[in-house]
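Student: Single-letter residue listing:
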Amino acid sequence: MARILVIDDDELVGRTIARVLTRGGHEVVTATGGAQGCALFDAQRPDLVLSDLVMPEQSGVEVVRELRRRDPDMRIAVLTGGESFGVPLIDSLGPLKVGAILRKPFEIADLLGTVDALLAAPAR
Amino acid sequence: MGGNWHEGAGAPDPADRDRLLARAVSATTSGILITAADLPDNPIIYANDSFCRITGYAPGEILGRNCRFLQGPGTDPGTVARIRAAVTEGRGVRERIVNHRKDGSRLCFDLVISPVHDAVGRLRFFVGVQNDVTRQVEAEEALRAGEARLRRAERLEALGRLTSGVAHEFNNALTPILSLTELAVRDVPPGELREDLEVVLRAARAARGVVQRLLAFSRPEPGEMRAVPFAEVVADATRLLRPGLPEGVRLSCPEPAGEFPVLGDRGQLLQLVINLLGNARDAVGPGPGAITLDLAPAELDGLGAEALGLRPGRHVRLDVADTGPGMDAATQEHIFEPFFTTKGPGEGTGLGLSVAHGLVTGHKGAIAVRSAPGKGTVFTVHLPLAAGATDGPEGQSRGEEPRGKETGTADGAHSGDRR
Chain A
-15 MARILVIDDD
-5 ELVGRTIARV
5 LTRGGHEVVT
15 ATGGAQGCAL
25 FDAQRPDLVL
35 SDLVMPEQSG
45 VEVVRELRRR
55 DPDMRIAVLT
65 GGESFGVPLI
75 DSLGPLKVGA
85 ILRKPFEIAD
95 LLGTVDALLA
105 APAR
Chain B
543 MGGNWHEGAG
553 APDPADRDRL
563 LARAVSATTS
573 GILITAADLP
583 DNPIIYANDS
593 FCRITGYAPG
603 EILGRNCRFL
613 QGPGTDPGTV
623 ARIRAAVTEG
633 RGVRERIVNH
643 RKDGSRLCFD
653 LVISPVHDAV
663 GRLRFFVGVQ
673 NDVTRQVEAE
683 EALRAGEARL
693 RRAERLEALG
703 RLTSGVAHEF
713 NNALTPILSL
723 TELAVRDVPP
733 GELREDLEVV
743 LRAARAARGV
753 VQRLLAFSRP
763 EPGEMRAVPF
773 AEVVADATRL
783 LRPGLPEGVR
793 LSCPEPAGEF
803 PVLGDRGQLL
813 QLVINLLGNA
823 RDAVGPGPGA
833 ITLDLAPAEL
843 DGLGAEALGL
853 RPGRHVRLDV
863 ADTGPGMDAA
873 TQEHIFEPFF
883 TTKGPGEGTG
893 LGLSVAHGLV
903 TGHKGAIAVR
913 SAPGKGTVFT
923 VHLPLAAGAT
933 DGPEGQSRGE
943 EPRGKETGTA
953 DGAHSGDRR
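Chains as they are written, first to last, in our numbering: chain A, -15 to 108; chain B, 543 to 961.
Hints were generated in silico from the structure; no laboratory data involved.
Remember, predicted model here, so these are calculated numbers, not experimental data.
Treat the hints with care, since some could be wrong.
[Unchecked claim] Computed beta-carbon distance windows for the label pairs:
#	chain 1	residue 1	chain 2	residue 2	range
1	B	A871	A	T6	54 to 60 angstroms
2	A	P79	B	G844	16 to 22 angstroms
3	B	V708	A	K81	30 to 36 angstroms
4	A	D94	B	A745	16 to 22 angstroms
5	B	E789	A	A93	14 to 20 angstroms
6	B	M767	A	A84	18 to 24 angstroms
7	B	P785	A	R53	43 to 49 angstroms
8	A	L(-4)	B	E680	35 to 41 angstroms
9	B	V742	A	T6	52 to 58 angstroms
10	B	E699	A	A84	42 to 48 angstroms
11	B	V730	A	P79	41 to 47 angstroms
[Said to hold, decoys possible] One-sided excerpt, in silico: chain A residues whose CB lies under 7 angstroms from chain B:
#	residue
12	E(-5)
13	L(-4)
14	T0
15	V4
16	G65
17	A84
18	I85
19	L86
20	K88
21	P89
For glycine and all other residues, C-beta sits at the position ideal for the given N, C-alpha and C.
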């Protein structure tokens, strides 16, 4: 069992991921934006962060950059529902050492498999 | 003698005026013809040297004939009808007409025909003055084609923006539908409720598939870009498609003259060729018919590249020709737009060609279509060859002839196949 922070501006997506991961035996906290996510990160010290990529206030790339500053070794995966046209956010993830990219909508097995694989690997 | 002559110093003697006029008519760069209005079929009785030079015909091949021998497949029947009506009524007329030189090449004339009456007002002749405006017409056509391409590109980009926005929203919306239904299916005991939930699950997965194809059209996800031998990809695609073809449909793919390495994502390139082949298969139907592939090097110079919206340089060209029913211009105009389909309900999603367009654009290439009702269809893809490719078809590249040849080849293959 691990503590997982989920950051997604779509509350229904956040709740869904929380439900699936909780059923998979994990403890989940959710945030709907970067600021809330960083505050929860500081307060809860999760083992893994799942962050959406396209968000209105702060993009997933900025959120990941912020989290990397706090913890260079944190396990981080990003979620994407396909990018907005002409905004190749995914291209700028390169140097941020993201452990996995999960495309929405996913099968439960894909989500749990990705999370388990990241947790099984030593924290970077 | 009609007309107005200067009477002062340097003016020709009245006795020399006719000869001067004849020499002037002969010397002008406009093509000038005189036809006999009162003889059957209005034959040509005079052609100046410029007319012979412009059309490539010798005087003996011109004189005594009606002008219609200059007409050909490019001539607009409406223009001919208007000229004929004017001539029949003894009126003058000005038209732009497409004729053909002796060598068959297209010749655009700005043509002015005027009736010539005798002293008692009887119609005796027509004088025709024709100026060669072929280059001007070609430049106008190139401009119009460029504008049309730009309009299409802008429309497709706007559609891409829309579809990717919609796709993004739908992917989010589908996440709870898919995942929570999947969870619920696990919890619910076998029975009607569980069957219903499984239907929801299947529908959600189908919707996810549609959204993925929409995204492929709007902006192909950046896959792994490496030098991919495009000839191999084409061969793989034909191997995959061939077994599913009806017996009456012939699929031919001549041995390619090289590997044609393209910088790209192998899976996406395979998808591109499969989509084009699938479209050709659907166009041909149960047959009999043929799908003909051609893979060849194409060195695009500045003009050739600009016409396609590409950078100049070495490219590979893939033609996928089918003997299907063909398309009119209006259909071709929209053929790459998502959900635009000429297939009946349930026969296709209308996404295959828009995805192909997205994949080609994502690989910095261009895709175009040539078709006409009853004449089949040719899709042509140009992809830039990988820079520094050592095993590229260097020799063939240099041997590639300019664009005119390219069109000729493709059209030739076209007409040869469509009987």
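Student: Now tell me if each hint is right for this structure.
Tutor: Structure-based check of all given hints:
1. In this structure, A871(B) and T6(A) meet the distance hint of 54 to 60 angstroms, their C-beta atoms being roughly 58 angstroms apart.
2. The hint said 16 to 22 angstroms for the Cβ distance between P79(A) and G844(B), and at roughly 38 angstroms that hint is violated.
3. Between V708(B) and K81(A) the CB atoms are about 32 angstroms apart, so this pair conforms to the stated range of 30 to 36 angstroms.
4. For D94(A) and A745(B), the hinted distance range of 16 to 22 angstroms is satisfied, since their beta carbons lie about 19 angstroms from each other.
5. Look at E789(B) against A93(A): about 42 angstroms separates their beta carbons, and that is not inside 14 to 20 angstroms.
6. Roughly 21 angstroms separates the CB atoms of M767(B) and A84(A), a value that falls within the hinted 18 to 24 angstroms.
7. The hinted range of 43 to 49 angstroms is not satisfied by P785(B) and R53(A), whose Cβ atoms lie roughly 55 angstroms apart.
8. In this structure the supplied range 35 to 41 angstroms is violated for L(-4)(A) paired with E680(B), their Cβ-Cβ distance being about 58 angstroms.
9. Roughly 22 angstroms separates the CB atoms of V742(B) and T6(A), a value that falls outside the hinted 52 to 58 angstroms.
10. Taken as a hint, the range 42 to 48 angstroms is violated for the pair E699(B) and A84(A), whose Cβ atoms sit roughly 31 angstroms apart.
11. Distance hint check: the CB atoms of V730(B) and P79(A) are about 45 angstroms apart, consistent with the given range 41 to 47 angstroms.
12. Taking 7 angstroms as the C-beta contact cut-off toward chain B, the hint placing E(-5)(A) at the interface is violated, the least distance being around 10 angstroms.
13. Given the 7 angstroms rule on beta carbons, the hint for L(-4)(A) holds: about 5 angstroms separates it from the nearest Cβ of chain B.
14. At its closest, the beta carbon of T0(A) sits 4 angstroms from a beta carbon of chain B; the interface hint therefore holds under the 7 angstroms criterion.
15. Given the 7 angstroms rule on beta carbons, the hint for V4(A) holds: about 5 angstroms separates it from the nearest Cβ of chain B.
16. With a least beta-carbon distance of about 3 angstroms to chain B, the hint placing G65(A) at the interface is held under the 7 angstroms criterion.
17. A hinted interface residue such as A84(A) counts as satisfied when its beta carbon comes closer than 7 angstroms to some beta carbon of chain B; here the least separation is about 15 angstroms, so the hint is violated.
18. This hint is violated: I85(A) has a C-beta 10 angstroms from the nearest C-beta of chain B, more than the 7 angstroms allowed.
19. The restraint placing L86(A) at the interface with chain B is violated, with a minimum CB-CB distance near 10 angstroms, outside the 7 angstroms limit.
20. The closest approach between the C-beta of K88(A) and any C-beta of chain B is roughly 5 angstroms, which is under the 7 angstroms cut-off, so the hint is satisfied.
21. For P89(A), the interface hint holds, the least distance from its beta-carbon to any beta-carbon of chain B being 4 angstroms, beneath 7 angstroms.
Consistency note: the structure conflicts with the earlier hints numbered 2, 5, 7, 8, 9, 10, 12, 17, 18 and 19.
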